[in-house]
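Protein chains in written order, with our numbering: chain A, 1 to 116; chain B, 1 to 111.
Don't read these hints as lab results, they were simulated from the structure.
Some hints could be false.
[To be verified] Straight-line C-alpha distance at most 27 Å; calculated BS3-like pairs for lysine-lysine:
#1 B/Lys22 with B/Lys71
#2 B/Lys68 with B/Lys42
#3 B/Lys22 with B/Lys58
#4 B/Lys57 with B/Lys68
#5 B/Lys42 with A/Lys11
#6 B/Lys37 with A/Lys11
#7 B/Lys58 with B/Lys42
#8 B/Lys58 with B/Lys71
#9 A/Lys57 with B/Lys42
[As the list claims (entries may be wrong)] Negatives, chain B to chain A, calculated, CB over 10 Å:
#10 Gln6
#11 Leu11
#12 Glu15
#13 Ser26
#14 Ser28
#15 Pro44
#16 Val54
#17 Gly55
#18 Glu56
#19 Ser74
#20 His76
#21 Pro82
Cβ coordinates follow ideal geometry from the N, Cα and C atoms, glycine included.
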Amino acid sequence: GAGVSQSPSNKVTEKGKDVELRCDPISGHTALYWYRQSLGQGLEFLIYFQGNSAPDKSGLPSDRFSAERTGGSVSTLTIQRTQQEDSAVYLCASSSQAGSLNTEAFFGQGTRLTVV
Amino acid sequence: GENVEQHPSTLSVQEGDSAVIKCTYSDSASNYFPWYKQELGKRPQLIIDIRSNVGEKKDQRIAVTLNKTAKHFSLHITETQPEDSAVYFCAASMGSYIPTFGRGTSLIVHP
Chain A
1 GAGVSQSPSN
11 KVTEKGKDVE
21 LRCDPISGHT
31 ALYWYRQSLG
41 QGLEFLIYFQ
51 GNSAPDKSGL
61 PSDRFSAERT
71 GGSVSTLTIQ
81 RTQQEDSAVY
91 LCASSSQAGS
101 LNTEAFFGQG
111 TRLTVV
Chain B
1 GENVEQHPST
11 LSVQEGDSAV
21 IKCTYSDSAS
31 NYFPWYKQEL
41 GKRPQLIIDI
51 RSNVGEKKDQ
61 RIAVTLNKTA
71 KHFSLHITET
81 QPEDSAVYFC
91 AASMGSYIPT
101 FGRGTSLIVH
111 P
């Protein structure tokens, strides 16, 4: 596609339910990142996928959070047993990473998650 | 890991004034420093970036400076306009690794 696409754009869920957030990166981009943005806050790193390498999960806040990237393209972020503090905008970004150089990260429009 | 500090958290200026946002980083190996602009309700978008082999880069009304010795970099916006109002994020990364973002600066330009 023309840009990074995320779905759903908005999700309201009850506390304790599981949710899945989807990210479709720009075709050909090998790097994919998930960030979380709470109201008025910065971008909190969650997880990073680069090509076929093992993902960097160092930013995941608890074991209720997990993510996968199938076939090096689409990624799904799963939050189990959601809590109210999980409410935030979840942003996905992808980049091409030319060789060993970092390049521009293109962000999706985000999924606004509200846990009630 | 990398730690990026960004100041100020809020900046209010009159239209036509200049605005300066400053960031510091901790990892001397970081070599890529992008700046993103996020308008209300929209996604962050890159506005300018700089690599560690240069000290300054300019694009029309915006410029970024980098001081590798002091490990700080700054965004300068001249002749500010109301449409410059947004949240600005700095970031730092090394090689192909994950960008670490600052906490953001909310810039308000009063007409």
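Status of the hints after comparison with the structure:
1. The suggested pairing of B/Lys22 with B/Lys71 holds, with an alpha-carbon distance near 11 Å, which does not exceed 27 Å.
2. A threshold of 27 Å between alpha carbons decides the hint, and for B/Lys68 with B/Lys42 the separation of about 32 Å lies outside it, so the pair is violated.
3. For the given pair, B/Lys22 sits about 16 Å from B/Lys58 by alpha-carbon distance, which is consistent with the 27 Å threshold.
4. Simply put, B/Lys57 and B/Lys68 have alpha-carbon atoms about 14 Å apart, close enough for the 27 Å limit, and the pair holds.
5. Proximity of B/Lys42 to A/Lys11 is assessed by CA-CA distance (about 17 Å); at most 27 Å being required, the pair is judged to hold.
6. Between the alpha carbons of B/Lys37 and A/Lys11 the distance comes to roughly 25 Å, so the proposed pair stays at or under 27 Å and holds.
7. For the hint linking B/Lys58 to B/Lys42, the alpha-carbon distance of about 25 Å falls within 27 Å, and the restraint holds.
8. With a CA separation close to 19 Å, the supplied pair B/Lys58 and B/Lys71 stays within the 27 Å bound.
9. Of the supplied pair hints, the one linking A/Lys57 and B/Lys42 holds, its CA atoms being roughly 26 Å apart against a limit of 27 Å.
10. At roughly 8 Å from the closest C-beta of chain A, the C-beta of B/Gln6 falls inside 10 Å, breaking its exclusion from the interface.
11. Once the 10 Å rule is applied to beta carbons, B/Leu11 is consistent with being away from chain A; the minimum gap is 15 Å.
12. For B/Glu15, the non-interface assignment is confirmed: its Cβ lies about 24 Å from the closest Cβ of chain A, beyond the 10 Å cut-off.
13. For B/Ser26, the condition that its CB be more than 10 Å from all CB atoms of chain A holds, with the nearest at approximately 15 Å.
14. Every beta carbon of chain A lies more than 10 Å from that of B/Ser28, the smallest distance being close to 16 Å; the non-interface claim holds.
15. For B/Pro44, the non-interface assignment is contradicted: its Cβ lies about 5 Å from the closest Cβ of chain A, within the 10 Å cut-off.
16. Non-interface call for B/Val54 relative to chain A: holds, since the shortest CB-CB distance, roughly 14 Å, exceeds 10 Å.
17. With a minimum CB-CB distance of about 18 Å to chain A, B/Gly55 clears the 10 Å threshold, and the non-interface call stands.
18. With 10 Å as the threshold on Cβ separation, the claim that B/Glu56 sits away from chain A holds: the shortest Cβ distance comes to roughly 19 Å.
19. Listed as a non-interface residue, B/Ser74 keeps its Cβ farther than 10 Å from every Cβ of chain A; the least gap is roughly 18 Å.
20. The claim that B/His76 is not at the interface with chain A holds, since no C-beta of that chain comes within 10 Å of its own (minimum 20 Å).
21. The beta carbon of B/Pro82 sits about 21 Å from the closest Cβ of chain A, which is more than 10 Å, so the claim that it is off the interface holds.
In this structure, the hints that do not hold are numbers 2, 10, 15, in rising order.
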